[in-house]
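**Student:** Sequence:
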Amino acid sequence: MFLLEPNLLLVETLVQIIFNQYLINSYCLTFVSEQSLMFSLNISFLYIVPNSADDLEDQLLEASEMGCSDYIIHLQDAQKFMIAFEKVNHIGNVRRSDRKLIFIPLLYNEESRNSLINILQMEKTKFVANVLLILPTNDLECLSFDLVTHTFYGTNDEIKQPVHLDRWNSCSKQFVYNSNLFPYNMSNLLGKLVKVACFTYKPYSLLDLDPSLALQRRDGTEIRIIDEFCRWVNCTVDIVRDDEHEWGEIYENLTGVGVLGNIVEDRADFGVSALYSWYEEYLVLDFSVAAIKTSITCVAPSPKLLASWEMPLLPFSWMMWLAVIFTFIYASIGLTIAQHCSTNRVFLTTFGMLITQ
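If you read the sequence shown in the UniProt record's numbering, its first letter stands for residue 1, the second for the next number, and so on.
In case anyone wonders, no lab produced these hints; they're calculated from the structure. Since the model is a prediction, treat every value here as computed from it, not as a measurement. Mixed in with the good hints there might be a few duds.
Claimed, not checked - Below, simulated EDC-like cross-link-like pairs (lysine to aspartate or glutamate); rule was C-alpha separation at most 16 angstroms, straight line:
hint, residue 1, residue 2
1, LYS80, GLU34
2, LYS87, ASP58
3, LYS195, ASP238
4, LYS173, ASP146
5, LYS87, GLU281
Use the sequences and the hints to build the structure in full.
**Tutor:** This is the structure we're talking about:
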């Protein structure tokens, strides 16, 4: 339920402020809540009441296909949202990188606070840059909310650590520090570790090179693209290898081996080594624009020339020609009998009948 009411609850007031500052230009906003909420919105939105985990996955997929990339989650078990959200990211056709997830507490107690913080411990959370937790505090004088996110730029262990961004006081209706609640800029990853799945496949990716030839012991046309990308956005490349399976494959249960398997199971962030725009892989992976185009020239021996007299006979098989000959003979015999055993112009007439048919 969305009502244009002046007297909103405290957490709704805070979310309304966040919406006005950060989500006002959002194409579509999705609310996932087990309770009624009151907000004043001037953009498109969806309201999802999950009944089960399967229903939530289908509902999020529908919202994603509509282009809704920002979510406000108000659930007792918010982790089930992240599980469904991760599945939708793999199977959905609409892929967005600038998604924002805002989790608000269902209850104002320590259990609800810890439940939301545990979301940062999930592997599925580390792939989303803009995660904001609204956590109730134990301030007895005036209810306040801590605004917390994760360390998106750190290592795997550091990403799971909560980062306190700001605090909002419900009495003054003000932020303490006026910090940016979505601070991570994807144009500068501050040395974030980026895992790249590949294997030696000349000239696209070459590994285990002599350090005197390549300082990082890697080279290749696609490896250079990755290195140049990380130079632009300030990230660190870590090579993930499965040389035995090379390109690999993806199974129906979204597991796999090789380059493709490392990506679909999130063991790697990127994959290179002459990957093509395969439709089956596109259904569960994101593709960049084509960096290199290849073509194949098929060489075969030239055909042997046929004799000119054979050309008129080739349109039909020998069985068909035999049928035509027998038809000509039987038709000629029939026409001869019809003319009282006269053979005058019989064969010419029969031939004309066959041609006109």
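**Student:** Take the hints in turn and mark each one as holding or not.
**Tutor:** Cross-check of the supplied hints:
no. : hint              : in the structure
1   : LYS80 <-> GLU34   : 13 angstroms, holds
2   : LYS87 <-> ASP58   : 10 angstroms, holds
3   : LYS195 <-> ASP238 : 5 angstroms, holds
4   : LYS173 <-> ASP146 : 13 angstroms, holds
5   : LYS87 <-> GLU281  : 15 angstroms, holds
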